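Please build the complete structure, drawing on both the sequences and the hints.
Protein chains: 2
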Amino acid sequence: MKEKLKKHIENLIALTDDEFSFILSHFSYEKYKKNDFIIQEGENVKDCYLVVTGLIKLVYDDKNGKQHIVSFAMEDWWESDFSAYFSQTKAKMSLQCIEDTIVFSLSFKNYQKLSAELPKMKQFFLEKSNSGYIASQNRILSFLTSNAKERYEQLLKQYPLLFQRVPKIILASYLGVSRETLSRLSS
Amino acid sequence: MKEKLKKHIENLIALTDDEFSFILSHFSYEKYKKNDFIIQEGENVKDCYLVVTGLIKLVYDDKNGKQHIVSFAMEDWWESDFSAYFSQTKAKMSLQCIEDTIVFSLSFKNYQKLSAELPKMKQFFLEKSNSGYIASQNRILSFLTSNAKERYEQLLKQYPLLFQRVPKIILASYLGVSRETLSRLSS
Chain G
1 MKEKLKKHIE NLIALTDDEF SFILSHFSYE KYKKNDFIIQ EGENVKDCYL VVTGLIKLVY
61 DDKNGKQHIV SFAMEDWWES DFSAYFSQTK AKMSLQCIED TIVFSLSFKN YQKLSAELPK
121 MKQFFLEKSN SGYIASQNRI LSFLTSNAKE RYEQLLKQYP LLFQRVPKII LASYLGVSRE
181 TLSRLSS
Chain R
1 MKEKLKKHIE NLIALTDDEF SFILSHFSYE KYKKNDFIIQ EGENVKDCYL VVTGLIKLVY
61 DDKNGKQHIV SFAMEDWWES DFSAYFSQTK AKMSLQCIED TIVFSLSFKN YQKLSAELPK
121 MKQFFLEKSN SGYIASQNRI LSFLTSNAKE RYEQLLKQYP LLFQRVPKII LASYLGVSRE
181 TLSRLSS
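Respectively, the protein sequence lines represent chains G and R.
So the first sequence is numbered by the working numbering: it starts at 1 and just counts up by one.
So the second sequence is numbered by the working numbering: it starts at 1 and just counts up by one.
If you're looking for bench data, these hints aren't it; they were derived computationally from the structure.
None of these values were measured; they are calculated from a predicted model.
Each residue gets a CB set at the ideal place from its N, CA and C atoms; glycine is no exception.
Careful, some of the hints might be misleading.
As the list claims (entries may be wrong) - Below, computed lysine-lysine pairings styled on PhoX-like, alpha-carbon distance capped at 20 angstroms:
hint, chain 1, residue 1, chain 2, residue 2
1, R, K128, G, K113
2, R, K109, G, K120
3, R, K149, G, K63
4, G, K63, G, K92
5, G, K120, G, K4
Unchecked claim - Covered, in the sense of this in silico footprint (three residues per stretch, anywhere, with C-beta under 8 angstroms from a C-beta of chain G), are these stretches of chain R:
hint, region
6, 77-87
7, 112-122
8, 137-151
Okay, here's the thing in structure tokens:
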């Protein structure tokens, strides 16, 4: 399992075995069952997560009790309520498992420690953050420029695996459409 | 003017005079007139920009010729087509001045050089990128959870200055509503 973490980091940054051992010692390894909450709204957010296997959703429950999907994360993706993580405050969103899921977790203290003690890891986090920012900008753009049908088609093209793994009602929530609209789009 | 750059960086990271001189040597200083393009769609994106004075808009022109506002940037904000900047490819978006604007520009080469040679600057860029990511996530959330009236009120509360400086038609485009809808909201 630790080989997956090594490979994930080495996609961006070459590591010696000693460096990887040092990095690994800052991560924990956690298993969750389908429907388990990794983060619950209102709790302190101590960790961010790298998905090893499984699928999770970051959700926001609005004041009317409606659930909105902010993002999905599957193998090799990082997820957390990053606003709460970086400010070490309480979660505004929840992180819940759509499938049985295994993650590597990294506390904010260890994130800072790794960044400070290993410049390579600071570089790794910088590149990850830049990629995340770009992905968010693209999602904003798709909200501004695309209708539901186009957003559906973009997602299908970009992440075909998601369509097999995510229940239709959750996919509809991610796209910001009703279940009925999604059925029309996908038929 | 260079004092503004120093203060901007020192909001996050303490610098010696020598460090700041080294940093400053990697930036250029550029003046633009209202309506000038800093980045034009289709051109190579070499630089990102810190606004010293003025106001700019990052826009995307869709295939039907409709312009969408992805973001604004005013004093102390960074802006670019970051996807193109970080991958050193051609701009999908344009960056245009709403007011006469002065910026500090930083080439990608100098971004990498500063990151590599001064760990403090890597830390600065990491914190800026994390903040940008969080702001984008909040904007996604507001698209998912808020109607036009609520998005209007959030923006008014968060950035009251923008309302005095941005023409109504541009504000409407940012909110993803028609000019007429915005007039109803603001009356």
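Here is how each hint holds up against the structure:
1. K128/R x K113/G: holds (18 angstroms)
2. K109/R x K120/G: holds (18 angstroms)
3. K149/R x K63/G: holds (16 angstroms)
4. K63/G x K92/G: Given pair K63/G, K92/G holds - Cα atoms ~12 angstroms apart, limit 20 angstroms.
5. K120/G x K4/G: Roughly 18 angstroms between the alpha carbons, so the hint for K120/G and K4/G holds.
6. 77-87: holds (count 3)
7. 112-122: That given contact holds, which follows from 3 residues of the region 112-122 of chain R lying within Cβ reach (below 8 angstroms) of chain G.
8. 137-151: As far as the region 137-151 of chain R goes, the hint holds, because 8 residues have Cβ atoms under 8 angstroms from chain G.
Checked against the numbered hints above, the structure breaks none of them.
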